[in-house]
Amino acid sequence: MAVRKASGQAGTVSLLLQAWSRGELQAREELVPIVYRELRRRAGAYLRRERPDHTLQPTALVHEAYVRLIGQDRVDWRNRGHFFAIASQMMRRILTDYARAHEALKRPGAGLKVVLDDAVSAVEPRACECLDIDRALEQLASIDSRQEQIVELKYFGGLSETEIAAVLSISRATVTREWQTARAWLYRRIAAQTRGDA
Amino acid sequence: MTDDRNRWERVKDIFQAAVSRGPEEWAAYLDQTCGDDRILLSEVDSMLRAHVNATAASFAGQPAIDALGVGQIGTAPLVMIGQQLGPYRIEAMIGAGGMGIVYRGRDTKLNRDVALKILPEAFANDPDRLARFKREAQVLASLNHQHIATIYGFEDSGITHALVLELVDGPTLADRIARAPLHVDEALAIAKQVAAALEAAHEQRVIHRDLKPVNIKVRDDGTVKVLDFGLAKALDMTAAGGVSQPPIAVPATSTGLVLGTMAYMAPEQARGRRVDKRADLWSFGCVLFEMLTGRPVFAGDTVSDIVAAVMKNEPDWDALPADVPETIRALLRRLLQKDPAQRQRDAGDVVLELNAALLSLSRVRSGAVRRGTRWLQPLAWATVVLAILFAGSLYQWGGRRAEFGARPVMRLELNLPAGVEIDNGYSPKVAVSPDGAELVFVGMADGVRQLYLRRLDEFAASVLRGTDTVWSCVFSPDGSTVAFIVGDRTLKKISLANGLVSTLAHSVDWERGLAWGEDDRITFARDGTLWQIAASGGVATQISRLNATRKEYAHSWPSSVAGGKWILFNSLVGSRRDDARIEALGVATGERHVVLESGEQPFYLPTGHLLFYREGALMAVSFDLDRLSTRGTAVRMVEDIGVDFVGAHVSAHSNTGSLIYPSNRTQASRLVWVSRQGVEEEITENPQSLLIPRLAPDGRRIVVQAGSDLWIEDTTRRTFRRLTSDATSGNSFPVWTPDGSRVVFRTMTGMHVMDADGSGHTQPVSGASRSVIDLPTTISPDGGKLAFIRQGVETPGDIYWLSLRGDDTPHSIVKSAEYDGGAQFSPDGHWMAYTSNESGRTQVYVRPFPGPDRSWPVSTQGGTHPQWNPNGRELFYRDGNKMMAVDVSATGSTLSLSDPHLLFEQRYAFGSAQTVADFDVTKDGQRFLMVKNDSAGARLNVVLNWFEELKQRVPSK
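Chains as they are written, first to last, in the numbering used here: chain C, 1 to 198; chain R, 1 to 957.
Since the hints were made in silico from the structure, they are not lab data. Accuracy of the hints is not assured; some may be wrong.
[Stated by the list, open to error] Residues from chain C shown here face chain R by an in silico Cβ test under 8 Å; the list is partial: (1) A43; (2) L95; (3) E129; (4) C130; (5) I133; (6) I143; (7) D144; (8) Y155; (9) F156; (10) S171; (11) R172; (12) Q180; (13) T181; (14) R183; (15) W185; (16) Y187.
[Said to hold, decoys possible] Calculated Cβ distances over 12 Å to all of chain R for the following chain C residues: (17) Q18; (18) A19; (19) V32; (20) E38; (21) G81.
[Unchecked claim] Here are some chain R residues pointing at chain C (derived, C-beta under 7 Å): (22) K12; (23) S46; (24) P63.
The beta carbon of each residue, even a glycine, is placed where N, CA and C say it ideally should be.
Isolated chain C (complex conformation) (with noise of 0.2 Å):
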């Protein structure tokens, strides 16, 4: 069945979304490049401080993109989880092409911390998580897909335990076990890949 054509873009995506939810699996092939394209522009601008007033929060991003592409604040959240978890994917794939470009300056495999303060030296260079994460993550997809699912959501989508639990329908207290299950699971391959260093 054809997505009946909507005036302006938030009623399409809104339609569009349904039309998903609904099993209707080109839906999510017309959904995608309309948010990502939207997602990157805002991370873009966050990433490279072009908003002037710094309001947003970087977290809210995904928020933010929903609202403006479904033009509402409040639908069910089948419908809304359907958006957050293609967001959180497009998220990673943003957030882990920016880190790349970025790896070439710095230090191979390592990113820069930087706390906000005037202390002379406040901060030390801390490896950045966000390849070796993405990386890990491929692997773990692989026994175990809502662990994936739930780090995309949390780790890339910024959506908060009580959000991911509405958006996978599943309690608030299995997502924070099956969080601390993949973060320890992540933890350790990293940790064993970037050993060996004694």
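Using the hints, position chain R against chain C.
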């Protein structure tokens, strides 16, 4: 693939169940759940370790975009790395803030590391400001004091302008305060150095203007450096010292920055008035107050809240800890005078006052030891000091030994310093110097685990700074240095002469021992194999490999012998303690010799003995170092040596014959009666922790879990007998049958029922299953139905019941996606109390049994461990340390419940299951049977001249 998945599900379940318990229960829990499956156990174990490390490191602690976003300084500053600025090579960015970005640089002329503060562009483009800044910088560069970070100069490449500063390593005082509250003497020692810095600067007419914890650095050796003297003014951070003009180059989080500055700013400074040195003394007062209390004296969420607090609020003087001397309280009152005219005006006087206070504190401290709780204490200390020195001198004058003949063996107790606790009731790690004159132990004070040094010719133990989260320790052969492993698995060493701490290696197994050989090489374990590193540092090398055909899973407990040529160690295969073999490893050759087929934690003594542990006792056997073999039989030497929370024994040995260990008798666990008003009466005491006591229907016998066995205490005959035998393992969760003749319990191979008469007659209740764990909790009053918690792949815990007569098919009663547990039948069998954390919080509920399916909440604020009053009209449950009671009345199929009320609030054990009552109630409902763990025994046993006993009982030739 499916197998992999199942495997992963199993690992995941056990991991998650373990995480929901406390780390102290992990070892026992893994043993219980994994059984003989060592691969499963090591898999879960590595996950748990990763969990601990990931949490500690805040791994993935914030969303990726936040982590990337703080790199929002943009790409430009990063480009500077690698560039040359005058004689300085820019190496790494180390900080950024309102005053610009700070890099670590290398002075290629003077060959030293410096900090380079790159001035903000807006600033550098203003020639007037720049000129003024250069003049100021020259004045500041003239400040030369040991507690002031020096300004070396100003570097100007035309477009980039940088201030060159002394690079100071170490955490800031803000980091230090955030980590844990400072002790009074520590706070005063830091304050004294800050005050001395202020005094020196004020003499040069330089005012800091922005003194605060982030501008104070505390090195590992305790030396303090004050940063950024006068820079606030030089950089025009504040107009005339006021805040009317916002800081330049305000970063995104400038609110935090301004807040951070405002909280320490004197009232006159905040008003924008002219400031003098008294403003610094105000800020100093704020810093001192914060060090003592752990929180800022003036706080608020917004700038205006803080300013209002600074202007109007009186500091909360009651927040100062009780041990802050009166003179310091008075000093703080003078420093925090809002009217500068009334304020303390001279930093030099402050230094003198702090000195006096520190001196009297150290007197009070040694006095406190003398005024100790028991009259024996000073005597014991004095005796130990004399005796150990005596033994030490004998050791040094070995040639004259014969004149004295055999020296008497002496046994003494040492109390740990006041305020130092044993970590969770487990034994503190301890090390003794080879000459027996110095003792180092792991102590816990205010939640921080640190090393304490006791020189035995002094009364007071002192904290070794830079040893936070220490796990274990070992002395160097010359006694000058202590190597130790801290929580993030780093191996470090600390010099006892100057307190310098340096890092030797990372990713070290913290629970597998440590050895420092005569060859000055340190042996440690990493991922279950042995490694060595030179004590002076360098690259670690692996010296042992796991033998795959033997299915070894770890090597541990190295002990260096024969000048470092050989390492004695444990090789571990199975799950039982007997599976630990003692072997010798040739460090250069890699060859291995089996020394003993079973034994743990080998340690070689210069008397020609090998010490090791077997069946809980310290054993000794004569050992031929040339042939690497034992001679004769091993003898049990000491029985009461304490264990740490992974089950390793803790003892230390000097070459002079001192044996030092925490006694396991300090780990007593007691059964007590507690009245409804909280009055206690002791029943029995046991060195092992007791769990889940259950009173028999006769009111006389108690079945209780001790270790991995069930025991029966007969309260009238005063006997304590082991009930379970070696036929079953992991025996736990006892439940009496209503006639008191039998006990149902959990084993590694499913639920069993055993006659309580000691005949040992046992039979399984249900079939064993690898995929679920069943924990029996209650039997219906007619003896027909057993309810239990089933933990498995699909759920953390559901409640089931099965018939004890005939068909044993389990029936589900309470099933949610969350943990349901704690089931207890009401005395009439028509109701069941249970717990569930379905609501996100563990609460107690009651429901009809077997149906219909509805429930009444009992607890309101969270509750666990439900237990009925045997009269059936009252339910008890626990909420933390509180024992709560709720009146229950049933009419037909409905229930009415009163509001919960508190009976008593005291610390009792909480058992190994989160929900199953770790207590019982007497038939009259008036007394509670509870477990009380004794954590007060913070003392060490010292045996002097122990070698005499050793030689006598275990001849070495």
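Okay, the hints, checked on the actual structure:
Interface hint at C:A43: satisfied, since its Cβ lies 6 Å from the closest Cβ of chain R, which is below the 8 Å cut-off. For C:L95, the shortest C-beta to C-beta distance to chain R is roughly 5 Å, which falls under 8 Å, so the interface hint holds. Proximity of C:E129 to chain R holds as hinted, the smallest CB-CB distance being about 6 Å (cut-off 8 Å). With its C-beta approaching chain R no nearer than about 5 Å, C:C130 sits inside the 8 Å limit, and its interface hint holds.
Evaluation of the C:I133 hint against chain R yields a held restraint, the C-beta minimum of about 6 Å falling below 8 Å. A distance limit of 8 Å between C-beta atoms decides the matter here; for C:I143 the minimum to chain R is near 5 Å, and the interface restraint holds. For C:D144, the interface hint holds, the least distance from its beta-carbon to any beta-carbon of chain R being 6 Å, beneath 8 Å. Taken as an interface hint, C:Y155 checks out: its beta carbon lies about 5 Å from the nearest beta carbon of chain R, inside 8 Å.
The interface hint given for C:F156 holds, since its Cβ lies 5 Å from the closest Cβ of chain R, which is under the 8 Å cut-off. At its closest, the beta carbon of C:S171 sits 5 Å from a beta carbon of chain R; the interface hint therefore holds under the 8 Å criterion. Below 8 Å, beta-carbon pairs count as interface contacts, and C:R172 has one with chain R at about 6 Å; its hint therefore holds. Among the interface hints, the one on C:Q180 holds; its C-beta lies about 6 Å from the nearest C-beta in chain R, closer than the 8 Å criterion.
Hint on C:T181 holds. Least Cβ distance to chain R is approximately 6 Å, under the 8 Å limit. Given hint, C:R183 at the interface with chain R, holds; its Cβ is 5 Å from that chain's nearest Cβ, closer than 8 Å. Restraint check, C:W185 versus chain R: the minimum CB separation of about 7 Å is within 8 Å; hint holds. Checking C:Y187 against chain R: minimum C-beta separation of about 4 Å stays under 8 Å; hint holds.
Annotated as non-interface, C:Q18 keeps its C-beta farther than 12 Å from every C-beta of chain R; the closest such distance is 28 Å. Annotated as non-interface, C:A19 keeps its C-beta farther than 12 Å from every C-beta of chain R; the closest such distance is 29 Å. Look at C:V32: its CB is around 19 Å from the nearest CB on chain R, clear of 12 Å, so calling it non-interface holds up. Once the 12 Å rule is applied to beta carbons, C:E38 is consistent with being away from chain R; the minimum gap is 15 Å.
Under the 12 Å C-beta cut-off, the non-interface status given to C:G81 relative to chain R holds; the minimum distance is some 18 Å. At a threshold of 7 Å, the smallest CB-CB gap from R:K12 to chain C is about 6 Å, leaving the interface hint in force. Interface hint status for R:S46: upheld, as the beta-carbon distance to the closest one in chain C is roughly 6 Å, under 7 Å. Interface hint status for R:P63: upheld, as the beta-carbon distance to the closest one in chain C is roughly 4 Å, under 7 Å.
Checked against the numbered hints listed earlier, the structure breaks none of them; every hint is satisfied.
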